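**Student:** Sequence:
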Amino acid sequence: MKEYDHKKIEKKWQKEWEDKGTYKTSDSNDTKKMYVLDMFPYPSGVGLHVGHPRGYIGSDVYARMKRMEGYNVLHPMGYDAFGLPAEQYALQHKIHPRKAVEENVKTFERQLSIIGLSYDWSRKVNTTDPKYYKWTQWIFLQIYNSWYDKTEDKARPISELENIFEKDGNGKVNAACSLDTEIFTMKDWEGFSMKEKQDILMKYRLAFEGYSEVNWCPEMGTVLANDEIINDKDGNPVSERGNFKVEKKSMRQWFMRITAYADRLISGLDELDWSSHIREIQKNWIGKSEGSEIEFKVVISSEVQPLGAFEVGPLKVFTTRADTIFGATYVVLAPEHPLVKKLESNIENLEEVNKYINSVKNKTDEDRTKNDKEKTGVELKGIKAVNPANGEEVPVWIADYVLATYGTGAVMAVPAHDERDFDFAKKYNLEIKQVVFKNDGIFRDPINIKSSTDDGILINSDKFNHISSEEARLKITEFVGGKIVTKYKMRDAIFARQRYWGEPIPLKYDKDGVIIPLEEKDLPLELPDVKSYESMGTGESPLAGVKSWVKEGYETNTMPGWAGSSWYFLRYMDPQNSKNFASRKNLDYWNQVDMYVGGQEHATGHLLYSRFWNNFLYDMGYVPNKEPFKKLINQGMILATDGRKMSKRWNNVINPDDIVSNYGADTLRVYEMFMGPFEQSLPWSTESIIGSRRFIDRVYRLQNKITENESSDDVVKSLHKTIKKVTEDIESFSFNTSISAMMIFMNEMDKAEGISKNDFKMFLQILAPFASHITEEIWHTLGEKESIHTSSWPKWDEKKIIDDEIKIAIQVNGKVRAEIMISKDIKEEEIKEIAFKNSNIITWTEGKDIKKVIYIPNRVMNIVVV
RNA sequence: GCCCAGAUGAUGGAAUUGGUAGACAUGCUAGACUCAAAAUCUGGUGUCCGUAAGGAUGUGUGGGUUCGAGUCCCACUCUGGGUACCA
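Going by this note's numbering, the first residue of the first sequence is number 201, and it counts up by one from there.
Please note that a few of the clues may not be correct.
Quick list of in silico lysine-lysine cross-link-like pairs, PhoX-like style, CA-CA up to 20 Å [claimed, not checked]: (1) LYS961 x LYS985; (2) LYS708 x LYS747; (3) LYS683 x LYS663; (4) LYS324 x LYS306; (5) LYS687 x LYS350; (6) LYS1000 x LYS957; (7) LYS483 x LYS687; (8) LYS995 x LYS232; (9) LYS372 x LYS397; (10) LYS299 x LYS324; (11) LYS1007 x LYS985.
Cβ pair distances, simulated, as ranges [stated by the list, open to error]: (12) GLU419 x ASP470: 41 to 51 Å; (13) GLN776 x ASN1058: 53 to 63 Å; (14) GLU1029 x SER885: 50 to 60 Å; (15) GLU413 x LEU550: 21 to 31 Å; (16) ASN1058 x ARG691: 56 to 66 Å; (17) HIS477 x GLU1030: 19 to 29 Å; (18) ASP623 x THR351: 21 to 31 Å; (19) LEU982 x GLY487: 53 to 63 Å.
What the hints contain is simulated information worked out from the structure, not anything from laboratory work.
Please read all numbers here as calculations on a predicted model, not as lab measurements.
Think of the CB as a built atom: it goes at the ideal place given N, C-alpha and C, for glycine as much as any other residue.
The task is simple: from the sequences and hints, build the whole structure.
**Tutor:** If you want it as C-alpha cells, here you go:
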C-alpha cells in the first residue's frame, strides 16, 4: 500500500470528475429530481476564508447522498457580481469593474475547486453577464408593466388597467397604488395627454418612479450607501472615505411595490419548511398591524375663544387601540406634521415650538431613536383637538417620539394604556384616565392592561360597557366615523442606485418626459463604458456623463445589487436559454428549490425580495410555483479562534488554501462537518483539525484489514447500524453525529480480526459524501471502474441491527446501583428476579418496603423503596 | 426595552426528545516502540472523599411536577443574534 498523499489523490480525482462530467445534470423528466442550492457568493477581492465553505460542504454532502440515492440532482454555483464593492475596488485600483470581477471570480473558482464540491459547473451563472442581465431587465419590464388587483389578489398587466380606465374611469378599481383615491371619469381619461395618462398609471405600476431621501455628500457630490457612512467623534454622520459631512437629500428613484405582496409574503410562510426563527424575522419585518384611522377636529382653544371654539382643520390619527379612545387625554403630532405649519398663526408659543422643531431637525435619525432617550415635546398653546368619542377638548403636543413616516404621523395619546404615552404624560403632568378593566373588575396598575386581546370592560361610556376590547375596537371605530385600515412596517423597496456598476434600467425618456419601455428584442441594454466611475457631482450616476447614453434618453440610474439575485435560482434550471429566462419545460420539471442553504443574514433582504419576484412571476403565469424555496437551512458562522467574526480588520482570517494544502480537502470537509451542529456558530480550531486528519489516515490504513472471509457478526451489525445512523443524519443535516458514528465504527473495525471487501466498500460509500477523494481512490483500488459517487447508496438491513443482548440499568430510588445484561425478549418478571438476586441491589433494598417497580423496556428498571 | 436562540468536563460537542449525563474528537497524562524525537499504538482523564472497593456530588441560579429532569413548568442571571419609540 502506498503512502496516503492527499495532494496527489485530490488533484487526480478532481481532474477525472471534470473530464468525465461526473456531476453533470440532465434535464430529463423520467427521474425524481432534487434541487440543492447554495446562496451564490459575492466575489469580493479578498477571497474565501474557512467560514465560507461550511455551507457549501454541507449542501454538497446532502447533494452527494441524494445523487447516490438515485435522484437527478441539480447542484449549481454562480456569482452575484454587480454592486458597490466591485465598483469601489475598481475606483481604488483604477481598473474596469468587469476586470475586477473577472479576477475575483477566478480566485473564488480556484478556491472552490480544490475543495472538491460536486457542482455542475456548466450551469454557472454570473449576474453581470449581459446574457444573464438581459432577463433581469426583462423581468423588470414585466413588473413595470403590471399593477396589483386587490380584488383578484394578484398582479395583472397594466394594459388591462388601461382598458378599465377607458371603459369606466377608475371607480371600480381596487388596486395597490400610491393614492388614496383618484376618481376620474371615462371622459377625463380620453381627454388626458400621454403624459397625464402616464402620471396616473405610474401610481399603479408595481415598479414606479418616486422620490426618497438619500444620504448626500456635498463635498464628494455622491449619494452614499449606509455602509459608506461612519460617525465622527461627535457622533455626526460622515463619509468613510474622506470624513466629509453627510446630509439628507430628496432624489428621484425607482421603487418596487413589495407592499402589494405584504399579506402573501406573510401567509406564504406557512407552507415553507423553514426554521420558525427565520419565519418570525420576516413576519416582524413586514410588521402587519390592523388599526383605525380616526379624525379629530382641531379647534382654536375655547379659553381663547369665549364665544365658542371654531374648527381650523381635521387631524387624522392612526391607532391599534380604538377601544381606549375614551381615555385619550391629549394628541401628539410629529414635529414635521404639515398641520403645524398650517396653524402657525394660531399658535401662541410659536417661538418655542419653532425652536423645538429646529432642534429635532438638527438631530440625526440615530440620535432621535437612541435607547432610553427621555421623551421631549412642546404643547401647541392655543390649539385643541376634540375627542370624537366624548366631545372633550384635549391639548395638542408635538414630540419627536411620534414619527412622520409611520401611520398618519399623529397619535391620540392614551397614557393609561400605552407605555410611551404614560412616560410622556407623567413628565408633563398630563391627565391619565383609565378606561379598560379586566373582566374581573379589579382595578390594576393601568400600565398592566395593554394588550387588545385582553377581555375588558369599558367604563366612561354607557354605550360600550361589558364588551371585549376587540369588539369595542371595531364598534368604537364605527361610532366615531373612523375606518379600519391595515398598516405595514415594511416599505416599498427602492430599486435604483446612482452608480455605475449595476444593470441598466431598460427605459427611455422622450423629450416630453414620457417613458418608453424597451422592447424585448432590444434587450439586453448593455452597460456602456465610461471614463470615470465617480458619480457626476450632481448625485447622478456616471451614466449621465455618457453622451450617447443621454442622447438616446436612457435612464441613468442602475438597478440595486439585489436585482440579479432575486431570480438566479430560476436561471440555473436552463442557463443557456436565449429565448426565455428558462424554458417552460425545465421550469415545470425543476419546479422549485428543494433545499436552500445559506446564511441567515439574508432573512429580510434577499429571501424576501426573491419570494416577492417569484410570487409576481407566478401571478403572470411564468413559473409553476408561488414560493421559490421549499426548505431552507441556515448554516452557522465559523468564528475565528478568538471568538470574533473572521475579518481582515482583526487579522484573524484562516485561509482554506493553507488548510487544503497542509491537511487535504477531505480533512477540511470532514472537520467542518464534525466541529458541531451545522446551524450553530462555532469557533475555528486549528488544534482540533488534526483529529479529522487522523480519522482519514486510519481509514486509508484500514485497507490492510480487508480479508477474503466474511466479517464477524458484530462488525456486520455495527456496519448496518452505522449506515442507518449516517443516512438519517445526513437527511436532517446532523453531520457532526454521522461522522462520530463512522469514527466509532472505524474504531471497531480496527479492533476486529478483519473485514470483508464488500462490507468495507459499503463503509466507503457512506463516507464518500464527506471524504469524496480518498473514498474514490480506495474504491478504485478495490477494483471498481465507475465512480463511487454514482454508485447506489447502501441500504441497511433492519434484521441485522437487532441486539439480542441488552444492557439495562437497575436503579433504586432513581439512582443506578447495578447494570445487568439481559437477552432481547425477556419478560419483566424475569428481569425483576435477576435484579433482586444482584448483591448490589440487595444491599440497597434489604429490610426496606418495596413500594413499586417501574420498568422501561430495554433501558432501565427503577425500584422504589421506603 | 421587545422578539428569537442558547448556557453540559480544560476545549468543540453527544444524549434514542422524560429513562444509565459527558458518546465522538481535541488537549492533558502514563506506558509501549525508538539512541532520541516525531508519527503510531495501549491505558487513564467531570469534581470531591478514599490506597482501594466504593461513596457523595454534578448539565447557569432558585423553586416545582415526577418513581425518574440536561430535557417539562414557574421565577431569575448571564451570553449571542435581530430590532429600535410602529401608536
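**Student:** Next step is simple, just say for each hint if it's right about the structure.
**Tutor:** Against the structure, the hints:
no.	hint	in the structure
1	LYS961 x LYS985	13 Å, holds
2	LYS708 x LYS747	14 Å, holds
3	LYS683 x LYS663	19 Å, holds
4	LYS324 x LYS306	13 Å, holds
5	LYS687 x LYS350	15 Å, holds
6	LYS1000 x LYS957	18 Å, holds
7	LYS483 x LYS687	13 Å, holds
8	LYS995 x LYS232	19 Å, holds
9	LYS372 x LYS397	18 Å, holds
10	LYS299 x LYS324	18 Å, holds
11	LYS1007 x LYS985	44 Å, violated
12	GLU419 x ASP470: 41 to 51 Å	50 Å, holds
13	GLN776 x ASN1058: 53 to 63 Å	57 Å, holds
14	GLU1029 x SER885: 50 to 60 Å	52 Å, holds
15	GLU413 x LEU550: 21 to 31 Å	27 Å, holds
16	ASN1058 x ARG691: 56 to 66 Å	58 Å, holds
17	HIS477 x GLU1030: 19 to 29 Å	49 Å, violated
18	ASP623 x THR351: 21 to 31 Å	43 Å, violated
19	LEU982 x GLY487: 53 to 63 Å	59 Å, holds
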